[in-house]
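Sequence order for the protein chains is A and B.
The numbering used here numbers the first residue of the first sequence as 25 and each following residue consecutively.
The numbering used here numbers the first residue of the second sequence as 3 and each following residue consecutively.
Careful, some of the hints might be misleading.
Derived DSS-like pairs (lysine-lysine); straight-line CA-CA distance at most 30 Å [stated by the list, open to error]:
id	chain 1	residue 1	chain 2	residue 2
1	A	K223	A	K46
2	B	K444	A	K184
3	B	K485	A	K84
4	A	K184	B	K376
5	A	K130	A	K330
6	B	K444	A	K46
7	B	K376	A	K46
8	A	K130	B	K444
One side of the interface only, derived from the structure: several residues of chain B facing chain A at Cβ under 8 Å [unchecked claim]:
id	residue
9	P397
10	A420
11	Y442
12	I450
13	S481
Distance windows between CB atoms, simulated [as the list claims (entries may be wrong)]:
id	chain 1	residue 1	chain 2	residue 2	range
14	B	Y180	A	F233	46 to 54 Å
15	A	V229	B	Q377	58 to 66 Å
16	A	L63	B	N363	55 to 63 Å
17	A	L53	B	I470	19 to 27 Å
Quick caveat, the hints were computed from the structure, so don't treat them as lab data.
Here a beta-carbon is modelled for each residue, glycine too, at the ideal position from N, C-alpha and C.
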Amino acid sequence: MILSSIVFLPLLFALLIAIWPKANTIRHLALGLSLIEFLVSLSIFKHFDASATGLQLVEKFMWIERFGIQYFMGIDGISLWLVLLTTFLTPIIILASWTSITERIKGFHVCMFILQTAMLGTFLAMDAIFFYVFWELSLVPMYFMVGIWGGARRIYATVKFFIYTMAGSVLMLVAIIYMMYLTQEATGQMSASLLDFYKLQIPFVGGTFFSLQTLLFFAFALAFAIKVPAFPVHTWLPDAHVEAPTPGSVILAGVMLKMGTYGFMRWVIPLFPEASEYWAWLFMLIGTVGIIYGALVAMVQPDVKKLVAYSSVSHMGYILLGLFAFNAYGMGGGLYQMLNHGISTGALFILIGMIYERTHSREISKYGGLAGVLPIFTIFFFIITLSSIAVPMTNGFVGEFFILLGTYQANPVFAYFAVSGVVLGAVYMLWMFKRVFFGEQGELVKDEHHPLHDLNAREIAVLVPMVIMVFWMGLFPNHFLNYSKASIDYLVNNRSNYNLTIVQPGAVDVTHAQGEN
Amino acid sequence: MNINIGLSDILLISPMIALFLASLLPITTKVLRGNREQHSLITLSQALIGIVVAVVLLVVFGGADKTAFNNGLIFDGVTQWMGIISLAAAGAAMVMMYENPATKGKQFSELIFLAMSSAIGMLILVSAVDLLMVFIGLEMMSLALYLMIAMSHEEKLSKEAALKYFVLGSFASALFLYGVAFIFGSTGGTNILSFMDNAAELVQTSRLFLFGVTFVILGFCFKVSIAPFHAWTPDVYQGAPTPHSAFMATAVKTVSFAAFLRIIATKSLTGSDHLFDILQWLAVITMIVGNTAAILQNNFKRMIAYSSVAHSGYLLVGIITAGVSDNGAFGASGVIFYLLAYGLMTLGAFAVASMIEKSENHIVNVDDLAGFAKQRPMLALCLTVFLLSLAGIPPTLGFFGKFYLFNAAIGEGLLWLAVWGVLNSVIGVYYYLRPIVVMYMKDGEAEIAGHSLNATTVTAVVMAVAIILMGFVSGPIFSAVEKSLL
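Based on the provided sequences and hints, a complete structural model is requested.
Dropping the structure here:
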């Protein structure tokens, strides 16, 4: 019951907050509840077996028997860290929004918890329709978050976000239904279970677009590519990021984008191995173009939040590149980079939110010389900047290094181009850092009517866990990767014939006993 | 010709008799009291009791493919489910009539009498298998409806709507009758059961029969507002009092689709590729026209009217699926389930509109809803649920409705219709989100009725809760529907 409680506790919390009578204690309540949720999610470790390749802690019930749709949840090394990332970021986001969200506090926290349920469900659902329900549900609270608490062009941004994502995913729904019929043909019993989907042998013909596996592949890939967002369909992201309130940006960059890359790892690559292999060049190309394009566009942004938004496009390009390298370095690096990006970009958005609360501007040109006025803020910002440009000892380095290594093995040409992204990343981040923190004091910084105050205890409490994670993940990547290694190796080695098994709770002990005999 | 009416016939039509008796109560009381209106609440409860009794009788005596009146009426799963859905929708619409400014108060007994008569017509329509019986049901339902619309306290738009509906409705009936005449000419009978087994063959061998079936189908296309026969829908839904629009969009549409299913169940489509192609294109065109036109609307009721055109397009996909598949029950139950979902969400949306209306002349515009979420958080939340459900966002009932409908279509190989369907639902999202955007994200003071309409509020809340909760148990409901059709 662990996974069910992890997924549905936030929904319960949302209800509790909705009926909570006292407006002035909602924030405290929400923070406490999200911490409880985090602790509950940590209890996964007690039962999680890092050496197993299959699905663990499985919960499986028939939901809609007529179509073989199940209430089916399971966790493995791929989804484990994404679940923890979600539960880790939520209390931080709630604490960070303490002063920035001032109206409709109740509604905001209700949205937050519903969103958490939807995201966790997306990572844990192992039944196609069950997954789709969570996938689409996640749009609704995010839509309200951007639309109600966002900036000036929030309505345009939120409607664009919603329609873009929805447009991508409806074709996936058709593909899912089609695959349900394929399972019926293959086994006589219709099923929407992902494990049954894995067993399908879908005919593939290279060289043409109109072969069954290719079409299904693109129906899924489009949905996930929009969510990632991959290069040509990324345009909703800068709008949504810039207009979203700080907590919205953090959750969007931190977790929601990962739903797309997770989709590639969990659904696209193992379900359509031949098609992914055949079209890998396309996605590596998209990834590489995204890296360079995102970096170049980020460089010229006058708005610091937009700069970070485009840096997301660049970073997500790395992840896509790593996943389609199809080797242990690329995939492992891709997964690791998902977590890194969640931490470092999330932290960047929080930092930008903090300075925005003080000055109500995000124009880089209006800043300058901030380092002398806000020393603590500067230190935090610098550490996160380093993490974002992947300096060794920070988390970003590990992820990018693995991805580039994997890409080089798979296709050196893409690696040559992708490496330039590392340089460009340093360029736009450091240049922005220089313009904001050093040099002559900008008009906002020397404004004597509004003296700037350095970070208070609450804000430091928000940032410290992030900084700890930056170094922890940078110095001891194995603490994290060891849990995912078995699953990723299994995916890499059995890609063309992927088959997840369900690990029974007692099964591990049996093999140990046999080993002793 | 000797006519025997046995006890079983009477028992089978007992729901209609119950409705008829209940419809007489208020109007008779009014006459006996010297043309003085009794309290509206009593009138309403008499009508609702009649409906409940009718539903119970329908469940108890109907079912198991029993036929009555010399095979004129059939009582099978379709009759029961569609009958229950339409009666429930009619009941909910009557609750709205009780409180809406355009319909409440004076002449309420007459209104309820007409609405109940219309409901009797509906029951005849869902159970009719003889085409002439279908015609009787259709006319009984429609004639009462024309009068109901014209009776509105509003002076101008409702009269126009009534006249327009009357003219176009009569035109549709004429088309239908024309088709029936051809069918009679080519087969020597008007009973669907009599040519059920060889219809697929007849459309190939007999031009006259094909002609007749086509006209009958076109007549229904008018009734359920399939583009390009949909032009009356927005005007009528806009001009009619809101409860009546709800009545038409849900109850009337449900029973019209039920009769449509009966014609389609003859498998004429499998015989004629042309007819099959035409209907597929009609479905695609209807979805596109309904959705794109709805984007341009600012009047809330007009927007829902176009959305109802689009939903007719989705439903037509289900009808086509039922018409060509060997296992028609799957497609048909998809249609029935979708009508259930669609009925709940459309009634809900109209109920909220009905509560916003200050007077009989009040026009509800989407742009005027700014600030509604702050003034009436509960209602705004309900409307959000209805709109998201109409847009087909999981886990609402609307999503599962679409899922079953398109699932059946894909299973039947109509993949391209399903793709058109889902792409259209993306277009739909755009205009369904607009009221939500305005309600929640724009500041303002919405011009809304100050008084609270209690029964209508309860109806809306119940429906919103049902839409969310029934989403989770949609599987068993769907299986129950499908089992009853086998």
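For each hint, the structure was consulted:
| no. | hint | verdict |
| --- | --- | --- |
| 1 | K223/A <-> K46/A | violated, 53 Å |
| 2 | K444/B <-> K184/A | holds, 17 Å |
| 3 | K485/B <-> K84/A | holds, 26 Å |
| 4 | K184/A <-> K376/B | holds, 24 Å |
| 5 | K130/A <-> K330/A | holds, 28 Å |
| 6 | K444/B <-> K46/A | holds, 26 Å |
| 7 | K376/B <-> K46/A | holds, 18 Å |
| 8 | K130/A <-> K444/B | holds, 18 Å |
| 9 | P397 | holds, 5 Å |
| 10 | A420 | holds, 6 Å |
| 11 | Y442 | holds, 6 Å |
| 12 | I450 | violated, 20 Å |
| 13 | S481 | holds, 5 Å |
| 14 | Y180/B <-> F233/A: 46 to 54 Å | holds, 47 Å |
| 15 | V229/A <-> Q377/B: 58 to 66 Å | holds, 59 Å |
| 16 | L63/A <-> N363/B: 55 to 63 Å | holds, 59 Å |
| 17 | L53/A <-> I470/B: 19 to 27 Å | holds, 24 Å |
Violated hints, in rising order: 1, 12; the structure is consistent with all others.
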